[in-house]
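Enquirer: Sequence:
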Amino acid sequence: LLRQLIEFQGFYFLDKDKRGNFKKIIDLEYIGCINHPGCGNNDIPKRLKSKWFNINIPPYNLNSINTIYGTVLRTKFNKKRKFSEEIIDNIDKIILCTIKLFGRLKKYLLPVPSRFHYLYTTRDLAKIFNSMLLCPYKTIDNNLHNFLCLWKHECERVLIDKLSRIEDKKYSSDQIKQIFKQYYPSHVDIADKNIYFSYFYVSEKEEQEYMIENDLIENGEQDQKNNGANSNISANKNGIKNLNTGVGASKMETGVNKMNTKIGDNDKTNMGINKNVMTTEDNEENLNNFSFSWMKKDYKIVFDFERLRYIAYEYMKEYNVNNVKKFDFVFFDDSLKHLLIINRIMQTPRGSSMLVGVGGSGKRSLTKLSVFISEQVLFQLNITKTYTKNLFFEDLKNLYISAGQMNKKTTFLLSDNDIEKNDFILEHVNSILSTGLVYGLFIKDEKEAICSEMKEAYLKEMNKYNQSSKMKGNKKRQKNTKYDYALDDLEIDNDSSDSEMKSDTSSLNNFDDYNFDTQYDNRDSSNISSKDMKNAGNKKKDDRVVNDFNVPSSAIFDYLLENFRNNLHIFLCFSPIHKEFALRYQQFPCIYNCVTIDWFLKWPLEALVNVSTAYLDNFNIDIEDNLKSDFYNLFAIIHQKVSETCETYKERMRRNTYVTPKSYLTFISLYKDMYVNKYDEIKCLKESVDIGLKKLNEAAMDVQKMRESLTSEEEKLKESDEQMNILLEKVKNESLKAEIQSVEVSKFRDKCIKEKDIILKEQEEADKDLQEALPYLHEAEEAIKSITAKDITELKSMKTPSDIIRIVFDGVLVLLQGKLKEPKINVKYVNKQHVEFIQDSFDEYAKPLMADIRFLNLLFDFSKNEKDNINEETIELLKPYIESHFFKTQIAKKASAAAEGLCKWVGAMAMYHQAAKIVKPKMSYLKIQTGRLEDALKQLEKAEDSLLKAQLFVDNLKLDIENMCKKKKILEETALKTKQRIEQANKLINGLASEKARWTEDSNNFSNIKKKIVGDVFMCSSFISYCGMFNTEFRNYLMNDVFYHYTKNVKNIPVSSNIDVIKYVLSHDDTKICDWSVQKLPNDKLSIENALISEN
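Residue numbering for the sequence shown follows UniProt numbering, starting at 1 and increasing by one per position.
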């Protein structure tokens, strides 16, 4: 199509209404750029190539590169900037070493389809030297050793970090060592050490100086005075040096020997896990909530790698405080190195990166943390099912406004998930990386509005630059401009100038000169008079002032784009195993060529162990302390062995399988969940078995008791038969005696009746004299009548009757000559007063009396029949009650209506006795008369009683016989039921005899089962986490030769032999397999294993 367009200057329409019509394109010129064919780059057809005028640009030779970069480096490393002759004289040698290293890597590490990104261009050289220009003077400290450390670090970051194989990294490191041996033999130790530079590293000395300068160490000094010693924040068992809060803390030396010692220790350090890097509360108070983000971020050499780890944890804690989604990183050495790399790129002007690693490597999380450390704005796309290109353009507009118009440092984070179904995103990201511009993003009105808002900021920036240019001088400005354009000429692709890494000053100079010249040249000459031309000619170029009359919108928009490119950092998080990873390079080359690639390799064994230790150390596992370390190592070993098995599986089955850090984290998480569930399940099962055994033992004891009870009941039944025969004979004899006595009583009754009539006539005359003493008796009877059953019920319902009620009932007991407690003095609460009185007998004797349903009748009977039997002793006992000031009906009424009646009755009975004493002579006469009547009645009563007793005796004997029959029947029924229960219990016990033996054995083995839970759950979680992608053969190999072998034989972790994963995992849910079968799952073992893996 391109050849047709060039040759025929047009193409045919494809629209239905214009199909077949030719569309001619005029006034169009073509300029194309192409890499040399080979090394993964395809050639274009010869027919198309014949339409072009071809110009070949050969690689720069050493002299050209030395001229370009030597000039650039000398703009910073010169005597005017106080750098030593030693460093200035070595600039040419550094450039030569860079070219040597660059050439060797380019020659040996050739791009292949699996490593297509192994491309070394002059962009890499520009990145190396530009990063060296960004390093401040204080870091180099005018020392050649530090200068060489900086060079080595930048070479590693640009040339080695993108390598995807360990052997390639090792080869590159060896080449650096050879170059040091050849050109710097006295500094060859630098090549043997791990050297890092960081923007957020802060030494203890710098922190102390900052705290003293800002009065943040006052509390710490006061604490030191109180304690008499410096309070040091020490690290944990891993030996992490954190922070010294004392004013006299040891200072960090910056000399060569000190730096060698510090850097050399990094190779021996272990990972510092998050839970261990913690300070005490007292030390935190001394720091006054100090934050490392307050300090200036300069590009510094990392002297103490463990302190850098501590600072990273502090930043993570601060991030978690300020964000809803928390991070729980484990900063092992590799992850901390990647954080340094990401932060370095993020702090570099126009720095963008592609982070390549499998899932779970921490690419996005480390980027987010680095954004927080760099105090930048994080920009991400909110991808939904309805996400379209228009919505993406709206997001890009916001991104342009944030980074370009608002001048905010912004990081655009993009991952595989964001572009899974939105290929158009990469197309425009490729354009942003290439030119910084997305064509068609802003319509004309939007562009004009943005330019109008930015005009004031643009004018201020231009005038500020013009004033600084005057001070520097025109000659110096031209010299700097020359160097800037020399750096631009270095690029292979002129349209991709964003990939060159320029310092802030040179970028601003270059950009401002361009804008100013453009503005001047684009003025409308027709609007300028000859006088104005003359005046303009008399002015110097640097004296020009930018004002709002000569600023076109295009210049302001270019200023917006320049700000946008300077402030924007694009971070692409891709997975190398993604199916379109290599295809994207062919479609969008700038996303690979215009970024710095950081390749995340597999986690080393040390990192895996550190992660497992961090997540399991606080987890409660029933394992011996001496085996914990081996158990944590076992997780890492299994992960590595599965990774090796994936390679074997690929060789044999030609299928790619992967295990990623995400798989490892999921493995640990699954183990923790399964361990908790299985431990609770075993615990619950043990409790159930113990309960079952307890019930069986109790049943056996109950059977024995029932047998003893049955023997006792049979003896009672035999005794009952004998007693019944005796009673029957006795009833017969007593019935005869009762009949004879009945005849005699009848004759005596007739005689008594005649005598009774005579005595009653005499008694009527004596009763007339007693009427005067009866009013008190009536008063007592009325008092009793006033008491109802409801009142008595109310008294019964009282849980704690008042003391007046208790005292009144004591008076009733005295009159009725009832039992009383031994008299003692007790404190009573009556009528709202505490008084000392005789202790009451309410609970012991009054309550049973009151509970009698004949209580009121008893009182009536006493008033009617027993009143005359009141003696002086009774009145004497009653006297303390009656004479007390609180024994009043009014007081008793407050407590209860029944109490009022009883109180009145007691008083009336006492008064009646006093009245009876007055009429005693009359009573004597009445007694004589009634005595005769009583004698007659007694004789009759005795006779009747004798007869009644005889009859009652016979009746009682009959009742005894009936009761005995009932008891006998009950005994027979009880004995029968006991026999039945014994039979049923025996059947149950005999039926569960085998289960009892098994339960007893299980109960004794539960302690052993609990110990093996550690290994059994590990085996099952390993199978579920890693075996899903393999066939049956490899699953069996992993289970037997890897999981079981390393668990049992290598690490000696307790584990069951020949464990069945399906039965073990589904032991709590036996119906799960049946449910799967109902849902049409095949019953073979492989299908069930796959279902089990899918569910977990």
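Quick caveat, the hints were computed from the structure, so don't treat them as lab data. C-beta atoms are modelled at their ideal positions from N, C-alpha and C, and glycine is treated no differently. One should not assume that every hint holds.
[Stated by the list, open to error] Here are the computed lysine to aspartate or glutamate pairs in the EDC-like style, where the Cα-Cα straight-line distance is at most 16 Å:
hint, residue 1, residue 2
1, Lys1051, Asp1041
2, Lys958, Glu624
3, Lys751, Asp868
4, Lys447, Glu562
5, Lys894, Asp791
6, Lys979, Glu606
7, Lys579, Glu794
8, Lys828, Asp852
9, Lys1048, Glu734
10, Lys1012, Glu624
11, Lys1011, Asp625
12, Lys894, Glu794
13, Lys602, Asp630
14, Lys819, Asp843
15, Lys966, Glu713
16, Lys447, Glu420
17, Lys751, Asp630
18, Lys751, Glu934
19, Lys602, Asp558
20, Lys641, Glu606
21, Lys385, Asp333
22, Lys602, Asp1075
23, Lys80, Asp141
24, Lys205, Glu85
25, Lys819, Glu844
[Stated by the list, open to error] Derived CB-CB ranges, DEER-like:
hint, residue 1, residue 2, range
26, Asn56, Gln586, 45 to 55 Å
27, Asp15, Tyr171, 11 to 21 Å
28, Lys460, Phe619, 35 to 45 Å
29, Thr1071, Phe619, 27 to 37 Å
Enquirer: Is the hinted range of 11 to 21 Å satisfied by the C-beta distance from Asp15 to Tyr171?
Expert: violated, 57 Å
Enquirer: Between the alpha carbons of Lys751 and Asp868, is the straight-line distance 16 Å or under?
Expert: violated, 29 Å
Enquirer: Straight-line Cα separation of Lys894 and Asp791 no greater than 16 Å?
Expert: holds, 13 Å
Enquirer: Are the Cα atoms of Lys1048 and Glu734 separated by 16 Å or less?
Expert: Measuring from Cα to Cα gives roughly 94 Å; hence the hint is violated.
Enquirer: Does the hinted range 35 to 45 Å hold for Lys460 and Phe619 at CB?
Expert: Violated, since Lys460 and Phe619 (Cβ atoms, about 59 Å apart) do not stay within the stated range.
Enquirer: Next pair to validate is Lys979 with Glu606; report whether the Cα-Cα distance is within 16 Å.
Expert: violated, 73 Å
Enquirer: Lys819 and Glu844 were given as a pair; does the straight-line alpha-carbon distance stay at or below 16 Å?
Expert: holds, 9 Å
Enquirer: Run the distance test for Lys1012 versus Glu624: straight-line Cα separation, threshold 16 Å.
Expert: holds, 12 Å
Enquirer: Hint check: Lys80 vs Asp141, CA-CA at most 16 Å. Holds or violated?
Expert: With Cα atoms ~15 Å apart, Lys80 and Asp141 stay inside 16 Å; holds.
Enquirer: Would the pair Lys958 and Glu624 pass a check requiring their Cα atoms to be no farther apart than 16 Å?
Expert: violated, 80 Å
Enquirer: Check the hint pairing Lys1051 with Asp1041 against an upper bound of 16 Å on the C-alpha distance.
Expert: holds, 14 Å
Enquirer: Mind checking the alpha carbons of Lys641 and Glu606 for me, to see if they're no more than 16 Å apart?
Expert: Satisfied, since the Cα-Cα distance of roughly 14 Å is no more than 16 Å.
The earlier numbered hints that this structure contradicts are 2, 3, 6, 7, 8, 9, 13, 16, 17, 19, 21, 22, 24, 26, 27 and 28.
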